[in-house]
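Chain by chain, the residues run as shown.
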Amino acid sequence: MKNKCWKFGDNVNTDEIIPARYLNTTDTSELAKHCMEDADPDFMKKARAGDAIVAGENFGCGSSREHAPIAIKAAGISCVIAKTFARIFFRNAINIGLLIFECPEAAEEIGEGDEIEVNLAKSEIYNHTSKKSFTFEPFPQEMQEIIQSGGLMNFVKTKIE
Amino acid sequence: MGMTITEKIIAAHCGVRDVRPGQFVYANVDICLGNDITAPIAIEEFEKAGIKKVFDPEKIVLVPDHFTPNKDIKSAQQSKSLRVFAEKHHLKYYFEIGRMGIEHALLPEQGIVAPGEVVIGADSHTCTYGALGAFSTGVGSTDLAACFATGKVWLKVPESVKFVFHGKAKSWTSGKDFILYTIGKIGVDGALYKAMEFTGSAISDLSMDDRFAICNMAIEAGAKSGIIAPDKITEAYVNGRVKKEYVTYHSDPDCNYSKIYEFNAEEISPQVALPSLPENTKPVDDVCGIKIDQVVIGSCTNGRISDLRIAAKILKGKKVHPSIRLIIIPATQDIYKQALKEGLIEIFIDAEAVVSTPTCGPCLGGHMGILAEGERALTTTNRNFVGRMGHPKSEIYLCSPAVAAASAITGKITPPNEIIN
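Which chain is which? The protein sequence lines are A and B, in order.
Here this note's numbering is used: position 83 in the first sequence is 83, and no number is missing along the way.
In this note's numbering, each number is its position in the second sequence, counted from 1, plus 1000.
Treat each hint with caution, since some may be false.
[Claimed, not checked] Here are a few chain A residues that face chain B, going by a calculated C-beta distance under 10 Å: (1) M1; (2) N13; (3) I70; (4) L99.
The hints are simulated quantities; they were obtained by calculation from the structure and are not laboratory data.
Where is the CB? At the ideal position from N, CA and C, for every residue including glycine.
With the hints as constraints, model all of the structure from the sequences given.
Okay, here's the thing in structure tokens:
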């Protein structure tokens, strides 16, 4: 499946991804309506289910609000590719099963509107627009287990049972 | 090779002799924390998983502090979910308004966190407790839910970076200025995934309140944690508050740091972080004269008693500039009462400031002082991101309580020594 990309810069913070004025709800569809609102007020008018976010360094910095990856996931964004991720956003994404890929070369090369395809088995991102491919470092085994369980709570349940 | 204080604490909580940076571990948690924004999701996840019992009702802390006193119906529902969960699971630590405070000021004050512990909180500023010599880090709501169930957290052992502050702090330079200066030097991702360890003579001289302000903003450099090894000042603070047994840890002389920064404290003047990242720091002298509309003194960074004392010292007998709205928020009920006893609240009211009950409120653009389009705030809080305190086209400048108080009098960014010596 090809995914259209929306490009953002460095240090996109969780206040921009989902401003605090919307944090008085945990309703995922409500959060999705305001996804990326303070980084790009028109984002939800333009983005379609399956699209990807491509960003620079330190994506998701700031607050620990899980509402940020939840809003992105609920908006139907298929994955986030960044040069680096802020650490709480990173673990939240792993824990809730939002696909994220740390790949500085891809994050640099992919342009706004480019169409990409991610091959998880090969740890590869292919840019159909520029015809370039990039490989990313797969997550450590322990994180893979959490992802494959379908998120941390499912993983925890299997351990408790 | 030896271990850092952070590695020692993590190893002790995994039941092993040593751990190394990069190692993936499941650590036992001494205290886990959630608030009225993050805990509702954790509670939903916990209940959705069908888990019946929490791991330990004495190790879970719930503090509704962000939108409280509840700002609207939806926020009231969120606070209610904490209250109901706390009752259902007989939690020892649930803090209702009137008894509460901003979580990261409240937990140390109430002796809930001890040196040498592992603390996780579904709030990014959980790194504050590193000032007590604990390993303390912010996580998300699902992490908190998993901890409710298991008492454990997954961690990659962080590399440590050491920051040595030599010499003695100048007058009017506070812990807040040290951390703003540091973030200005290394950037908002300068310590990404790492443990920041603060040391040196200028750190040893600092009060606990200043140390809390430093560790509080480690996250603003991308760090997993900030830590200051316990000493006599830590001991004096903890003594009488912490009722449980605890162990203190110190870094070995031959431990490994991925980087060491050395700063001369005598060269650090009061700092201001310009919009819209905490790394955009400048000495206050370079930015004085910038006009502002609102000043906030408070938050988990700078709402403690010594912060209020400094503000009162500057504001005593003066009036807030006619074009300025000054909002002062004591971080906890105890701090509020102490400020009242010392006459600080009267000084603030006489100066025509607003004094609020403890709340995170304006720091995250929640309530109690939201900015309109085009307005500019100078604040002792911790983030100056776009739209953080209100309208996306408002601006935020970060500073210490001394700079905030001095500027509230003049209506523009002002060094404190221009008001008093």
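Evaluated hints:
no. : hint : in the structure
1   : M1   : 27 Å, violated
2   : N13  : 5 Å, holds
3   : I70  : 8 Å, holds
4   : L99  : 16 Å, violated
Hint check: violations occur at hints 1 and 4; the rest are consistent with the structure.
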